[in-house]
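J.: Sequence:
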Amino acid sequence: MASSESKSFCEFGYIMAAPGGPCNATYASLSQDNYDLFRIACLVYGVIMLAFCLAKLRAISRVGGKYQVLQRPRGAMASSSSSSSTSATNQRTAGSGIQRVTYWLLVLASVTFVARAIDPWGYMGILSYVAVTMISDTCTACIYSVLILAVSLWARVVVTPKNLAHFEYPIQAFRILGFMFTWVIFVGIVPVSVYCISNDVYHSVHTLIQFSMAPFLLWIIASMGLVFGIQIHRRLKEIRRAQEATLEVARRRVAARQALHDLTKPPVVKSESHDDTASTLPMDLDTKEGIDAASKLPGKSSRILKMLCFLQAVSIVVIGLQIYQLVLFVQDHCVMQKEWDCATGNECKMQLQFPYFHAAQMAGIIVIFWAFRKTRQETPPQPMLSPDSVLLDIENGDLQTRHVRHMTI
Numbered sequence: 000m001a002s003s004e005s006k007s008f009c010e011f012g013y014i015m016a017a018p019g020g021p022c023n024a025t026y027a028s029l030s031q032d033n034y035d036l037f038r039i040a041c042l043v044y045g046v047i048m049l050a051f052c053l054a055k056l057r058a059i060s061r062v063g064g065k066y067q068v069l070q071r072p073r074g075a076m077a078s079s080s081s082s083s084s085t086s087a088t089n090q091r092t093a094g095s096g097i098q099r100v101t102y103w104l105l106v107l108a109s110v111t112f113v114a115r116a117i118d119p120w121g122y123m124g125i126l127s128y129v130a131v132t133m134i135s136d137t138c139t140a141c142i143y144s145v146l147i148l149a150v151s152l153w154a155r156v157v158v159t160p161k162n163l164a165h166f167e168y169p170i171q172a173f174r175i176l177g178f179m180f181t182w183v184i185f186v187g188i189v190p191v192s193v194y195c196i197s198n199d200v201y202h203s204v205h206t207l208i209q210f211s212m213a214p215f216l217l218w219i220i221a222s223m224g225l226v227f228g229i230q231i232h233r234r235l236k237e238i239r240r241a242q243e244a245t246l247e248v249a250r251r252r253v254a255a256r257q258a259l260h261d262l263t264k265p266p267v268v269k270s271e272s273h274d275d276t277a278s279t280l281p282m283d284l285d286t287k288e289g290i291d292a293a294s295k296l297p298g299k300s301s302r303i304l305k306m307l308c309f310l311q312a313v314s315i316v317v318i319g320l321q322i323y324q325l326v327l328f329v330q331d332h333c334v335m336q337k338e339w340d341c342a343t344g345n346e347c348k349m350q351l352q353f354p355y356f357h358a359a360q361m362a363g364i365i366v367i368f369w370a371f372r373k374t375r376q377e378t379p380p381q382p383m384l385s386p387d388s389v390l391l392d393i394e395n396g397d398l399q400t401r402h403v404r405h406m407t408i
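When we follow numbering that gives the first Met the number 0, the leftmost residue of the sequence shown carries the number 0, and every step to the right adds one.
These aren't lab readings, by the way, just hints derived from the structure by calculation.
Please note: incorrect hints may appear among the correct ones.
What the hints assert, rightly or not - Okay, derived cross-link-like pairs now, EDC-like style, lysine to aspartate or glutamate, Cα gap no bigger than 16 Å in a straight line:
| no. | residue 1 | residue 2 |
| --- | --- | --- |
| 1 | K348 | D331 |
| 2 | K337 | E243 |
| 3 | K337 | E10 |
Produce the entire structure from the sequences given, and follow the hints as far as they go.
T.: Here's what the structure looks like:
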C-alpha cells in the first residue's frame with residue numbers, strides 16, 4: 000500500500016514521482032517481465048522441492064521400522080505378547096531422527112519459496128519488507144539448522160564411545176546455542192530493528208547486525224563440519240582397508256574349499272595386485288559377517304567427502320555474499336540508499352539484479368536433499384552396533400541419532 004501524498008517518503012516498494020508527489024509506481028514496474036519470471040521460478044522451484052521432500056518423508060515413514068534399535072529392558076523381562084506388541088509399535092514409529100527433521104526443515108524451506116512467489120522482494124507492494132525478509136530468512140535459518148544437526152552428529156561419531164559421556168553436554172550445548180543464535184539472527188532481528196529501533200526500513204540496522212553475525216556463525220558451523228567430516232573420511236578409509244583384507248581372506252577360503260572338491264582347479268596363489276579385488280570377490284561368502292561386510296563396503300570415492308566439498312563450497316559462497324552485502328551497506332552509511340532515493344522523489348536507480356541469495360538457498364536445499372537422500376532398504380535388525388557400523392551408515396546416507404544413542408548404553 001502506498002503512502003499518503005502528505006508523507007515525506009513512500010512505503011517500501013513504491014516510487015515517489017517527485018518530491019512531495021504521489022506514490023503510484025512500484026519497483027517491479029521498472030522491469031515487470033523479469034520480476035514476473037523471477038516469481039514463476041520461485042513458485043516452480045518451491046512446488047517441485049516440496050513434492051520431493053514430502054515424497055521422501057513418506058518413504059522414510061514406510062521403512063522407519065528398519066532403523067529401530069534393539070535394547071534389552073532393564074528389570075524384569077516383559078511377557079512375550081507385550082514384547083510383540085512393543086516390537087510392532089517400534090516397527091511402525093522408529094525412524095531416522097536427523098533424516099526426518101532434515102526433510103521437515105526442507106519442507107518449510109520449500110514452502111518459503113512458494114510464499115515468496117507472491118512478491119519475492121516486496122517490489123510490487125503486495126507484501127511488506129518485513130514479511131518478505133522474514134520469509135527469505137526463515138529459509139536460511141532452516142539450512143543453518145540442518146548443518147548444525149549434521150555437525151552435532153559427526154561430532155558424536157568421531158568421539159570414542161568411552162569418552163562420549165564427557166562430550167555429550169558440550170555437543171548438546173553447541174546444538175542448542177546454534178539453533179538459538181540462528182533463529183534469533185534470521186527471524187527475530189528484522190521485526191525488532193524495524194518496529195522498535197528504527198523509524199523506517201530504509202534506516203534499519205538489521206542488515207548491519209545480520210550480516211556481521213551470520214557469516215561468523217556459518218564459519219563456525221562450516222569449520223567444525225570440515226574438521227569432523229575429514230576425521231570421519233579418514234576412519235572410513237581405514238574401515239575400507241580392513242574390510243577389503245577380511246573379504247580377501249573369505250575369498251581365499253571359498254576358493255580353497257572349491258579346490259578340494261575340484262582337483263582340476265589350479266592351486267590358490269597369493270595375488271600381487273589387489274586392483275581387481277572388488278570385481279572378483281564372490282558374493283556367496285562362507286560367513287554372514289562377510290556377506291554383511293561386502294554389502295556395506297563403501298565405494299572407493301567416499302560419499303562423505305563429496306558432501307563436505309559441496310557444503311563447504313555453498314558455505315564459502317554464502318559467506319562471501321553476506322560480507323559483500325555488509326560492505327555495501329556500510330559504504331552507503333548504513334542506509335538503503337537506492338530504495339531511499341526512490342521513496343523520497345530523487346532519481347530512482349533501482350534495477351532488478353540477479354537473486355544471488357535466492358540462488359544460494361536453492362543450491363543449499365538441493366545439496367542437503369542429495370546428502371540425506373538415501374533411505375535404508377528392508378534388512379534384518381542388527382542387535383549390536385559399533386562405531387564402525389555408524390560410520391558406514393553415515394557413508395551410505397543413513398544419518399540418524401538412534402545409532403549414536405545406542406553407543407552410549
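J.: Each of the hints needs a verdict: does it hold here or not?
T.: How the hints compare with the structure:
For the suggested pair K348 and D331, the alpha carbons sit about 14 Å apart, so the restraint of at most 16 Å is met. Pair hint K337 plus E243 does not hold up; C-alpha atoms about 62 Å apart against a cutoff of 16 Å. Of the supplied pair hints, the one linking K337 and E10 holds, its CA atoms being roughly 13 Å apart against a limit of 16 Å.
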